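Protein chains in written order, with the working numbering: chain F, 13 to 280; chain P, 43 to 310; chain U, 114 to 377.
Read the hints as simulated data drawn from the structure, not as lab findings. Computed from a prediction, not measured in an experiment: that's the story for all the values here. Warning: the hint list may mix true and false statements.
To be verified - Some but not every residue of chain U turned toward chain F, in silico, with C-beta under 7 angstroms: (1) P122; (2) P123; (3) F309.
Stated by the list, open to error - The calculated lysine to any residue pairs, modelled on SDA-like cross-linking and capped at a C-alpha distance of 25 angstroms, are: (4) F:K44 x F:K158; (5) P:K214 x U:P122; (6) F:K158 x P:G101; (7) F:K158 x U:D274.
Note that CB positions come from ideal geometry on N, CA and C, so glycine has one too.
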Amino acid sequence: MLTIAGLTKRYAGKHAANSDLALDNVDLVVPKGQLMALIGPSGAGKSTLIRCVNRLVEPSAGRVVLDGSEVTGIGGGALRRARRRMGMIFQEYALVERLTVMENVLSGRLGYVGFWASWARRFPAADIAEAFRLLDRVGLLGLADKRADELSGGQRQRVGICRALIQNPGLLLVDEPTASLDPKTSRQIMRLLVELCAERDLAAIVNIHDVALAQMFVPRIVGLRAGRVVFDGAPDALTPDMLTTIYGEEDWSATIRPVDDDSGDDDA
Amino acid sequence: MPITENKLWRRHTPAGSLIRWVGWLLAVALLVQCWDILNENTIWDFVYDAPAQAADLIGRMFPPRWSVLPSLWSPLWDTINMATLGTLLGVLLGTPVAFLAARNTTPSAAFIRPLALTVIVSSRSINALIWALLLVTVLGPGVLAGIVAIGLRSIGFVGKLLYEAIEEVDNKQVEAIEATGATGPQRLIYAIVPQIMPAFAGIVVYRWDINIRESAVLGLVGAGGIGLQLNASVSRLAWPEVTVIFAAILVTVFISEWVSAQVRQRII
Amino acid sequence: MRDVARWSPPPLIRNPWLRYGLYLGGAVYLALAVGTLHINWARLALGLERGWAFVSAFGHPNIVTHWREIEEGFIESLTMTVVATAAGVAISLPVGLGAARNLAPMPVYLLCRGIIAISRTFPEIIVAILFVKMFGFGPLAGVATLAFATIGFMAKLLAEDIEDIDATQMEAIRATGASPMQIINYGVQPQVMARFIGLSVYRLDINFRESAVIGIVGAGGIGATLNTSFERYEFDTAAAILLAIIGIVMATEYASSLIRGRLR
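Throw the hints in and build the complete structure from the sequences for me.
Following this line, the structure appears as structure tokens:
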């Protein structure tokens, strides 16, 4: 599905002179239908990695190959067609707040419709039907004509998920989907993501801060530290030693597989 | 650290104090120099006479000659039209300039952006009255010159405030739309336009309010509206009429200010 | 389940009567307004020729022929700007303090708000007409005009800033037993000073632009020279003056953005 080879990103910033290497020669393969969590401390390059995949951030070196076709090095229409195949879900939802829920969901089809049709909000009937079906699936059908800024955090993230799914992607890029949500909503959103990926046989890369949450829902975990992959395996293989390698020295015994309680963990 | 006896505390460092003193000195010297120039060009006998002149003026202005009021309706209507149509013209021309000038929407930061910024500064530097002076020479006296003058002056105002609003949009929403595979123009209408709409409406109404004031005096240089009447009455020294015209301008200005404040309050 | 194949975004104004009423009203107004334009096409054709002459004059601005007048005009404009800004800002300080609801007693507040309202209501050019009548032709009338406008502008913004300050800081100073002047000096001034200086610089910029205008009614400055050059159709001189105004405004704007940037 997705192959990442030798991906390197160096920010040409004057300010971060010493730590400007955000990604250092990353190799990863994500097979079709696989859910993969990306963990690591802030600044480890998680966000940069998934933004390099859909080229919101331009990689400095390396290749990204999606379904056998190159994503790096293409531009214009080809890049837009590649982006249609990758749905992205954002940390703080990144909905266009002054558009309605329905308009936000339909904006996922922008890669498929022409400018004037999108300007007049004239989407094909099939798209509209799909949008209603998705909203129904995530339980927001009644809110279709509400403005996005009237929704709660969990509702907004559901709209964000619909926007990504209506693209009909093969791969989801999910950037900290739960960082702005309370523990209960976090779990609901993660569960929804897992279910939807299974239903549609989607591969996904999920950046996530919350190690316990990742272990609970995701079958494969990749640990990133200072732009390098330092762990790649099943949740069970994530020992306290391994967490120390990824995050640095700390007492990890309480983090590994906690019982199903709603402890807030480290993100407040 | 032991507290030494007689530790000095100063608000500014000695060098800082010196710079402050030199700064004040220069400012005072400049002011004295300016006053000198002013003194040369002023006939003080007239100035000593000013209180008497003022008393005389007020004496002549009252009682107001209310009988001229009916003849003011038509010029007032022209004044409002000049402001409204001029605002429309300024908005039509200023909006594209704003998009060309904003860092995140300009097609070329090296070439087109400086050009757009120059248009904005030029339009802002030159008062509507000067534009009117120029356009009366070019287009002949009348309402049309006033409309174009107001429009040209409004380009810079609308352009500046709008491009600042565009540069302040939440980039995450833009990124989210970009990630769906949207084209550049689609990104503009789905991610940027919804975000700047409230600012846009506020700017337009605010400028319309200012333009009512400006168009009330454009007649002084022959550009139509109630200013023409004012000019005629002042040059005929018909001060009782001037009072009525002032009153008419004041009422119009108050109403437009009230309307603009109401609209802006609703938007926010 | 709703009709899934059809969807259109909800309109901005939900009541259809109001919505179409507003569209209709707008269309009727536009038709009426454009209808009363009375465009004289023959005059316009003549004007386009002149307009082109003016535009092309920007290619060869002429600052030499009337150098004396231009130089005098600009010096006078700059002088008026500096003096009027200094005087206006100085006077606006007490007025602004008096117009802040959290500092001033009611009668003072109303008086100062009245001054602000009067100063802000009249367009500069009308004030200039009155001052020219009172002081005679010349830059002093211009200084008075600009200072008058500056008072309303600065005092209003100062008063608003003072009303927005953090009241606890002022309370803390009051709690030390400070006198009213000391409270202003220690509890208010540090909170509003930087913005006040920034606004003064901005007003300097505005005053220069206005000083180019009020000369038209005889209040001194470059406006009179500009007016004359238009009346004589000396477009090359007018272009030179306009370019100089734009240049000076750009320079002051750049300087004021630097100053305001350092004050933050």
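Are any of the numbered hints broken by this structure? If so, which, sorted upward? 3, 4, 6, 7
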